[in-house]
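K.L.:
Given next are the chains, with one letter for each unit.
Number of protein chains: 2
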Amino acid sequence: MHAVVNNDSVPVSKALLHVSDLAVQRGYGVFDFFKIQDGHAYFINEYLDRFYRSAGIMRLPVPLERDKIIQIVYRLIEKNALKESGIKMVLTGGYSPDGYQPGEPNLIMTHHPLSLPGEEQLRNGVKIITYDYVREIPEAKTINYTMGIWLSQDIKNAGAADVLYHKNGVVSEFPRCNFFIVRSDDTVVTPKQNVLHGITRKHVLELANRNYKAEENTLSLADVYEAREAFLTSTTKRIVPITQIDDKVIGNGKPGHVTHDLLEKLILLENEDQAKNGYPKKFYGF
Amino acid sequence: MHAVVNNDSVPVSKALLHVSDLAVQRGYGVFDFFKIQDGHAYFINEYLDRFYRSAGIMRLPVPLERDKIIQIVYRLIEKNALKESGIKMVLTGGYSPDGYQPGEPNLIMTHHPLSLPGEEQLRNGVKIITYDYVREIPEAKTINYTMGIWLSQDIKNAGAADVLYHKNGVVSEFPRCNFFIVRSDDTVVTPKQNVLHGITRKHVLELANRNYKAEENTLSLADVYEAREAFLTSTTKRIVPITQIDDKVIGNGKPGHVTHDLLEKLILLENEDQAKNGYPKKFYGF
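Chains as they are written, first to last, in the working numbering: chain A, 1 to 286; chain B, 1 to 286.
Keep in mind the hints are simulated off the structure, nothing from the lab.
Being a predicted model, the structure only gives us computed values, none of them experimental.
Don't take every hint at face value.
Unchecked claim - Derived DSBU-like pairs (lysine-lysine); straight-line CA-CA distance at most 35 Å:
no.: 1; chain 1: A; residue 1: 127; chain 2: A; residue 2: 14
no.: 2; chain 1: B; residue 1: 68; chain 2: A; residue 2: 156
no.: 3; chain 1: B; residue 1: 14; chain 2: A; residue 2: 88
no.: 4; chain 1: A; residue 1: 167; chain 2: B; residue 2: 202
no.: 5; chain 1: B; residue 1: 88; chain 2: A; residue 2: 88
no.: 6; chain 1: B; residue 1: 192; chain 2: A; residue 2: 167
no.: 7; chain 1: B; residue 1: 68; chain 2: A; residue 2: 14
no.: 8; chain 1: B; residue 1: 248; chain 2: B; residue 2: 156
no.: 9; chain 1: A; residue 1: 167; chain 2: B; residue 2: 127
no.: 10; chain 1: B; residue 1: 192; chain 2: B; residue 2: 79
no.: 11; chain 1: A; residue 1: 248; chain 2: A; residue 2: 83
no.: 12; chain 1: A; residue 1: 14; chain 2: B; residue 2: 79
no.: 13; chain 1: B; residue 1: 14; chain 2: A; residue 2: 68
no.: 14; chain 1: A; residue 1: 88; chain 2: B; residue 2: 156
no.: 15; chain 1: B; residue 1: 276; chain 2: A; residue 2: 68
no.: 16; chain 1: B; residue 1: 167; chain 2: A; residue 2: 192
no.: 17; chain 1: B; residue 1: 167; chain 2: A; residue 2: 248
no.: 18; chain 1: A; residue 1: 167; chain 2: B; residue 2: 156
no.: 19; chain 1: A; residue 1: 167; chain 2: B; residue 2: 167
Sequences are here, hints too, so could you generate the full structure?
P.N.:
Printed below as a string of structure tokens:
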């Protein structure tokens, strides 16, 4: 498997950073992650928009132009020849002279096999738990998952699939996913504030707007418990129905028809992207 | 300069981690840092207590026993022969199989020259700014300094030395220092909650208790603005007087006598520690 460190292609085993990097010293960096299938990087420009935006918010200059990154992405796809996969770009705080001041950021690109959620999760939905917390600088996709990883044990102990953050009862997001409910009048609602603007979240909002009513709004836990349907969205999971939150059953305890309908439409949207935006390989000189 | 990675002594240039480490992937890890002078690691057992406690809170097993770490510390001191210096121990989330699950933690020990605050800061005190934020899991010394580093630019722009966190006006700590005030009745007060339990903080509380009144308590910004003296404490800075907070002058705008008295006593306490606890080198087999 090949990886890229600062524009150098290396075997993944050689993808190393010196410990003075601010990611190791201070957990400082941003990243993004997008899905690859059959040689196509889905919605890559939307992910790159967000990557550059996160880097800008965190005051980290990205060492490569967008076209160069896209070129590298397609070289990795070609070299690694994985079927269902994801590419992760991490931009670190760089080698720090004193363990605190940022240096010149290091850009690391790694390529990973990926599996989509199984039939069982889609058919039966999942249970989630909740936790009072709001991410720092939530609009930037930083590498700080201290809380999410720390809570992994609690998720496991509760037999749950994930943990939904709320602050004083106002719901925001999961560590790695966005959250939606469907009200009894078919309105699709996702939290407006203190969330990462997920690319799948954006697509689901667009799809919901075309077919139902959709809104970004303040959502309390009380609103959530009264929802008829609930689901999470993410790049790797697409849409997964949620049927239980803590000890509360959502709706009739089964995945709802709006959830399933949006998942079908999301898959169609992915297919459209591949048909319309599949980069011809010759463009990148392979 | 020598460093140690997982019990292996290496030239610091060879202190590398694979990018799959959870520190790089998710900013997950803990650390600690203590001061070395003239071959002595000050209060090392107190720092190691805290290191093991942080690791325990964050569910990261430390791969080495305390005696082994102390042995490595004194080997680094011997080999690197720095006069005023600090040793940093970072315990990362380890090489993760999927970029999210912790692996076997990596332990990195690096040794750095250190300079104490200059005469000018001690004579005139420093200006600080404030920011509404509370650290996640504040009782653990995690590597997450996302907010502190992000605020570096604001500190610089304000011509300040540091940023004091408060949540809705209740003061806690600096990114890397603890905070104290001295009230007009000579009571020395430090925030009780949402703070890292600094080793220097503990020593200053003990010294203040012997000579004045000392308390850990809830401190509001209003309390702080009315203080007669204010100062910060840290391992590397010891005690630095604070004479301005945002646009408010503290006391008469000059470092106070309690602040200076505590600094003198702290230096005596360090000397005592060296006299009493300086490890005989032969104990470690050099």
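K.L.:
Of all the hints numbered above, which does this structure not satisfy? Sort the numbers upward.
P.N.:
Hint check: 1, 10, 11, 15 fail, others pass.
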